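Construct the complete structure from the given sequences, taking the supplied hints into account.
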Amino acid sequence: MHKLLVDQPGKKKFLLGNEAISRGAIEAGLAFASTYPGTPSSEISLNFFQIARESELYFEYSTNEKVALEVAAAAANSGLRSMCIMKHVGMNVAADALMTLAYVGVHGGMIILTADDPYMFSSQNEQDSRYYGKLSGLPILEPSSAQEAKDMLEYAFELSEALQEPVIFRTTTRLNHSTAPIVFGSIKPPQTSGAFCKDPFNYVTVPAVSRNLHVKLVKHIEEAERMACESTCNFTVGEGGWGIICNGVSYNYATDAVRDLDVRDKTKILRIGFSHPMPGRLIKSFLSECEKVLIVEEGEPYMEEAVKALAQEAGLTLPIRGKDPGLFSRLFEFDPGMVRKCIASYFEIPYEAEQPPDASDILELPQRPPNLCAGCSHRATFYAVNKAAEGMETIRPTDIGCYTLGFMPPLSNGDFLICMGSSIGTSCGFSKATGKKVIGFIGDSTFFHSGIPGLINAVFNRHDLTLVILDNQTTAMTGHQPHPGVDMEALDYSGYQQVSIESVVRGIGVEHVSVIKPYNVKKSIAAVKEAISHDGVSVIIARQNCTLFDKSLKKSVGRPFYVSDRCQNHRLCINELGCPAFYIENDRVQIDSTLCTGCGVCAQICPEHAILPLKKNQ
Amino acid sequence: MDTKRLIIVAVGGQGNLLASKVLGEAACRLDVPVRMSEIHGMAQRGGVVESAMVFGEAESTIISDGEADLLLGFEPLEALRAVKKCNPRTVGITNISPLPPFTASIGKGRYPEIDTIVQQLKSKIGRLIPLDAKAQAKAAGNELSVNMVLLGALIETHILPVTPKSVSDAIKETTKAAFLETNLKAFEAGRAAVKNPLT
Numbered sequence: 001m002h003k004l005l006v007d008q009p010g011k012k013k014f015l016l017g018n019e020a021i022s023r024g025a026i027e028a029g030l031a032f033a034s035t036y037p038g039t040p041s042s043e044i045s046l047n048f049f050q051i052a053r054e055s056e057l058y059f060e061y062s063t064n065e066k067v068a069l070e071v072a073a074a075a076a077n078s079g080l081r082s083m084c085i086m087k088h089v090g091m092n093v094a095a096d097a098l099m100t101l102a103y104v105g106v107h108g109g110m111i112i113l114t115a116d117d118p119y120m121f122s123s124q125n126e127q128d129s130r131y132y133g134k135l136s137g138l139p140i141l142e143p144s145s146a147q148e149a150k151d152m153l154e155y156a157f158e159l160s161e162a163l164q165e166p167v168i169f170r171t172t173t174r175l176n177h178s179t180a181p182i183v184f185g186s187i188k189p190p191q192t193s194g195a196f197c198k199d200p201f202n203y204v205t206v207p208a209v210s211r212n213l214h215v216k217l218v219k220h221i222e223e224a225e226r227m228a229c230e231s232t233c234n235f236t237v238g239e240g241g242w243g244i245i246c247n248g249v250s251y252n253y254a255t256d257a258v259r260d261l262d263v264r265d266k267t268k269i270l271r272i273g274f275s276h277p278m279p280g281r282l283i284k285s286f287l288s289e290c291e292k293v294l295i296v297e298e299g300e301p302y303m304e305e306a307v308k309a310l311a312q313e314a315g316l317t318l319p320i321r322g323k324d325p326g327l328f329s330r331l332f333e334f335d336p337g338m339v340r341k342c343i344a345s346y347f348e349i350p351y352e353a354e355q356p357p358d359a360s361d362i363l364e365l366p367q368r369p370p371n372l373c374a375g376c377s378h379r380a381t382f383y384a385v386n387k388a389a390e391g392m393e394t395i396r397p398t399d400i401g402c403y404t405l406g407f408m409p410p411l412s413n414g415d416f417l418i419c420m421g422s423s424i425g426t427s428c429g430f431s432k433a434t435g436k437k438v439i440g441f442i443g444d445s446t447f448f449h450s451g452i453p454g455l456i457n458a459v460f461n462r463h464d465l466t467l468v469i470l471d472n473q474t475t476a477m478t479g480h481q482p483h484p485g486v487d488m489e490a491l492d493y494s495g496y497q498q499v500s501i502e503s504v505v506r507g508i509g510v511e512h513v514s515v516i517k518p519y520n521v522k523k524s525i526a527a528v529k530e531a532i533s534h535d536g537v538s539v540i541i542a543r544q545n546c547t548l549f550d551k552s553l554k555k556s557v558g559r560p561f562y563v564s565d566r567c568q569n570h571r572l573c574i575n576e577l578g579c580p581a582f583y584i585e586n587d588r589v590q591i592d593s594t595l596c597t598g599c600g601v602c603a604q605i606c607p608e609h610a611i612l613p614l615k616k617n618q
Numbered sequence: 619m620d621t622k623r624l625i626i627v628a629v630g631g632q633g634n635l636l637a638s639k640v641l642g643e644a645a646c647r648l649d650v651p652v653r654m655s656e657i658h659g660m661a662q663r664g665g666v667v668e669s670a671m672v673f674g675e676a677e678s679t680i681i682s683d684g685e686a687d688l689l690l691g692f693e694p695l696e697a698l699r700a701v702k703k704c705n706p707r708t709v710g711i712t713n714i715s716p717l718p719p720f721t722a723s724i725g726k727g728r729y730p731e732i733d734t735i736v737q738q739l740k741s742k743i744g745r746l747i748p749l750d751a752k753a754q755a756k757a758a759g760n761e762l763s764v765n766m767v768l769l770g771a772l773i774e775t776h777i778l779p780v781t782p783k784s785v786s787d788a789i790k791e792t793t794k795a796a797f798l799e800t801n802l803k804a805f806e807a808g809r810a811a812v813k814n815p816l817t
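Residue numbers (the numbering used here), protein chains in the order written: chain A, 1 to 618; chain B, 619 to 817.
Calculated from the structure, these hints are not laboratory results. Honestly, I wouldn't trust all of these hints.
[Said to hold, decoys possible] Some chain A residues close to chain B (C-beta under 10 Å, calculated; not the full set):
1) A254
2) P356
3) C373
4) I574
Remember, predicted model here, so these are calculated numbers, not experimental data. Heads up, the beta-carbon is just placed ideally off N, CA and C, and yes, glycines get one too.
Here is the structure:
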């Protein structure tokens, strides 16, 4: 049985925040879940994927966040408790559906989980998703710890059902990826069969209908604010004239700081866990009891703006600060020491910060950047493109996935990237604007996610570009989730139909399509050369299973190679491929046989053919 | 209960996440409050993996610069890189068996001498326990048990509010049956290395 399905109320397990969230949803009787994977939220849906195999839960990996949200919205409007999981930038993809779903509302409870990523540990921006609450009018709940997240989910479903609106459940990386002892509650059996009552004058959002629906939404927002003022998610701790208003993980740092600084008798903390709409009456009453207030929130001054406006409404003139050159920044992640220092400085508490050792005399340490894995087929594809386009001036937009790492030397493939699917749209623009040869790169999962409309655009508008689709048969970067191009039967999953990338590309009308096996260097270079000499849209599908995934499935990879004494030390292998299996010993290139997966790419480019497969007994 | 803060640094694949899970389970068994945070997005692609563990009365799951009571380095270069997390009272334990980053292995950047790393680290913190965890693990029967050797060494600093028994029980619960014996042996080897240092 899946560890999150154990029905033992009171049992304590050391769980990841994302596991606690999955458990909370299961305890609340979740019936239906959809997602597109995105770190730091990925483990939530991975658990649902596993749980769905042995329970009544319906779960799907949808093609992108917008589709996932639409799928879940229909389930919720058929009365099922549903959940849609994404990372913060996924909210942008889903936003079109989100904005008008708020007008229509839901019947069964619906949670839209967004995992923000302050400091961008694994993201392209650190946008603050709380503004989606303001933009859409939907309520937002924000837990501070893994246990609270688990416990808050039942409340989130109840709130959604009471308001008849989806609830945005906002987390940040430090909650998703923190681990703590979690106490289980009991599991409520899900209601799994839905029914949809037709009511087109409330569900079909033509202007005349939407005018009424917007009136309804505004009423719901007012009702939500009343509920936020009563909610136990917004609570006060302590007594005193120094006020701290905080949310999410900042609450943990503020709590620790107040204890460490020994000012518990002077300080009152208002923790906002129901942050849209902001609880006006509650905040005004809190402010009226304070001499001065500090707002502790990562990201944008979302609460600060609201609190200052509320103070103005109430005619209160006490000092309120948050984002300020001498205090908190809008940038990056907070930490306990930083919060302690800002609290001490704002309330003028004597405090000496712990000093890290003087590191000025520490020698320069070599960096350890992440790299494409040993044997990764993307490396072979990038090499083939570099060879095929040698001497040409090209622009190479890239996309989001492991292969983004190809922008680093020595492969140096990747000139522009803004979001999922952007490789193709930007390829179109660069090609027209500069007249240069453009070669774009996109992964298989990303192609399905948001690449297809860009490719149709390229064909329709007769752009001149080559698109390389890096098809490694998995969504590798986020932990090897399936996507529509994956052969699910081979992974022992039934009930799926594989979508062929090649058929999609041909169906769109791309005239020049080739499929390469990137480990075959010579043929790959020739195919790329031909594709880039084509005038118009050409597509190369580079197909080779992800080695890391194959290893994790215990599939056999190739026999490792070694460098024989024929080597003349040209070092093309290191200088042009940069595979992490290479190392230099006594000024000679060697191959770490524990890392080498036997792809044989280096053996094919060595001018002396000095790289050979290890014999079985070698 | 005093708050104790432990930083663990490693290179992807060294098994530090299992080590921190074992420590967390051990603390749970003793009802010691514990929280942990880890950044592992690029772990499988050769990057650095850092875990923070906070034991005792605290809500935070991460550790600020200068505030670690303990530093556990799975790899000497990464241990030295993490020195900013330490202060002059921090106790450090580091494996001295290097895993050079790719840049250094191909001659673009130089991996410092191990002795230099140890000396520099020693001069910056309260006390340093260097040990060859890889050799110890090998002797215990499995080179991959570096994490268990280091756990053993960590326990013998007596700084964390967990007992050797709670840790070995947690190892029994957490590790696969096939590795249990060598893991426990490696754990004991790590303990012995600190109790009877060679120098």
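Here is what the structure says about each hint:
1. A254: holds (9 Å)
2. P356: A/P356 check passes; min Cβ-Cβ to chain B is 4 Å, inside 10 Å.
3. C373: Result: holds, 6 Å to nearest chain B Cβ.
4. I574: Cβ of A/I574 sits 5 Å from chain B, so the hint holds.
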